[in-house]
Amino acid sequence: MSDERVSNVPEKPKAEAPVRPAHRKEPEAPTAPVALDERGTALSELLPKAFSRFEVEYGAAMDEVVAKVKPADVAEVCRTAKEDGRLSFDYLRSISVVDYVERLEVNYHLFSMDKRHKMVIKASVPHDSPSVPTVSGVWRGADWYEREGHDLFGVVFEGHPDMRPLLLYEGFEGHPGRKSFPFHEYDEW
Amino acid sequence: MMLNMGPQHPSTHGVFRLVLWLEGERIVRAEPHIGYLHRGSEKLCEREDYTQIITLFDRLDYVANLNCELAFCMAAEKLMALEVPERAWYIRTILCELNRIASHMLFYGVYGLDVGAMTPVLYGFRERERVILLFEAVTGARMMHNYIRVGGVKEDLPDDFGKRMTVLIDELKRGIDECDALLTNSELFLERTKGVGTIDGPTAVDYGVTGPMLRAAGVKEDVRISEPYGIYDRFDFGIPVGTHGDCWDRYYVRVEEMRQSLSIIEQAMSQMEAGPITAKVRRIARPPRGEAYLRTESPRGDFGVFLVSDGGDKPYRVKVRAPSFANLQSITHLLRDAYIADAVVILGSTDIILGEVDR
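Taken in sequence, the protein lines are chains A and B.
Each position in the first sequence, counted from 1, maps to that position plus 563 in the working numbering.
Each position in the second sequence, counted from 1, maps to that position plus 611 in the working numbering.
So here's chain A without its partners, still in its complex pose (with noise of 0.2 angstroms):
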């Protein structure tokens, strides 16, 4: 048994880490149905009137209604969307980000408590300056969730009145949430 620590031979150059695929590719999959309710449809109409001042692409995922905004709007659009008394969203669910391959997409996903419809509001921002305007001065819950997409991945909430980490710790280094942050690796058996 040769035990290397006590060895005089100088050590061995260490062995590149394995460079893993940052995303995974895919076989062509189905795409999940869009399916949406009375209230979704009756939004979907109501929506081009309410946001009739932003440049805005409508859609649908699911049974969620999709309206993708410009970054540099989002914060008056989010505005809109909860002072408009047609669409009264004024229950933030979550905002989440997603590291697509050429982006990165942040997702608003609100509710209306009164008129009981929902949905969501997404900004593409690249991966170099991924930067939108804050919401936090729009729903207060906002706040928490914008340090924790800054922390995961790195987006700058502009005009947020305080981006220090929220769950990782000071003076961290990297984005753990986008895809290129590797995982810790091990031999796979």
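Source of the hints: derived by calculation from the structure; they are not laboratory data.
Treat the hints with caution; some may be incorrect.
[Unchecked claim] When the alpha-carbon atoms are kept at most 30 angstroms apart in a straight line, the in silico DSSO-like pairs for lysine-lysine are as follows:
hint : chain 1 : residue 1 : chain 2 : residue 2
1    : B       : Lys925    : A       : Lys742
2    : A       : Lys645    : A       : Lys678
3    : A       : Lys678    : B       : Lys925
4    : A       : Lys685    : B       : Lys654
5    : A       : Lys685    : B       : Lys831
6    : B       : Lys765    : A       : Lys631
Please build the complex by placing chain B on the supplied structure of chain A, with the hints as guidance.
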């Protein structure tokens, strides 16, 4: 004066740090620090397949494990448009409502401790133990069950389940009444909690507060009724709602909720019939490409799962909308202008679980 509380403090219910700025005995500013329990669960989900992820969800809200499992499985089922068999839904509903009782019983016990009453914790844990023993008989584990599957549940109920449930329901009924009588109208308890840490409905919604905390503030919002999922539309049950949004309301809404849960369980037990317990699914689930956001009512509030699939056997992204995370944000509002002696009472009334706050 600045006062640091935690991260190692018995009343923070986990690893949670609170920094308080005081003026005399009044709190002028409170700053919560979280993240001590951050395990990167969402990221870990991206490299496990759909069956393996269930174990990760067990460890989010670790006193209401089944409710977390259910949320994830339902999100996957929503993407796959799976029809879950009736019996599986009844099993899920009964176990999740029992889990809600167990979770609220833990709250009841430790909230007693938070306000300085030693006895309630003994009663609360006694009742919780009954439920956990039943879980052990059904799922094989006391806490980390790994029982609910995409498309159904792992295995059928044991043969003596009906008999055990009859006994358990009676015991819990008596137990809840006993607990209620022990603490709710105690003079000292009322003094400590009435009018303390109030929040009004619109502010609570603005903070994203959900669950018993929101209902205590007078907003009638329960996902089980407002957007019924599974078989909840078949049961007749009420939503307890508070009026003042103070600590006592938050406490009592939970006590009443346990009674409502018991009523759901009784109805479900009488309606349940034999049948298959899983839908026909491939062993390795591959949901179609797309994204689904799913809301469920966990004991702490609106537990949401945002699931993005690229058509593979592993999810592309899982985002957990944890109710405690949003509820805890409102602590800055609740603690402003409160007395330092009430800080623990207010924090206890939010009933946070750091496992799902930090994820």
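The hints, checked one at a time:
Taking the CA atoms of Lys925 (chain B) and Lys742 (chain A), the gap is about 14 angstroms. The hint holds against a cut of 30 angstroms. Among the hinted pairs, Lys645 (chain A) with Lys678 (chain A) is consistent with the structure: their alpha-carbon atoms are about 12 angstroms apart, no more than 30 angstroms. For the suggested pair Lys678 (chain A) and Lys925 (chain B), the alpha carbons sit about 35 angstroms apart, so the restraint of at most 30 angstroms is broken. For the suggested pair Lys685 (chain A) and Lys654 (chain B), the alpha carbons sit about 21 angstroms apart, so the restraint of at most 30 angstroms is met.
A threshold of 30 angstroms between alpha carbons decides the hint, and for Lys685 (chain A) with Lys831 (chain B) the separation of about 29 angstroms falls inside it, so the pair holds. With a C-alpha separation of about 40 angstroms, the suggested pair Lys765 (chain B) and Lys631 (chain A) falls outside the 30 angstroms cut-off, and the hint is violated.
When held up to the earlier numbered hints, the structure conflicts with 3, 6 and fits the remainder.
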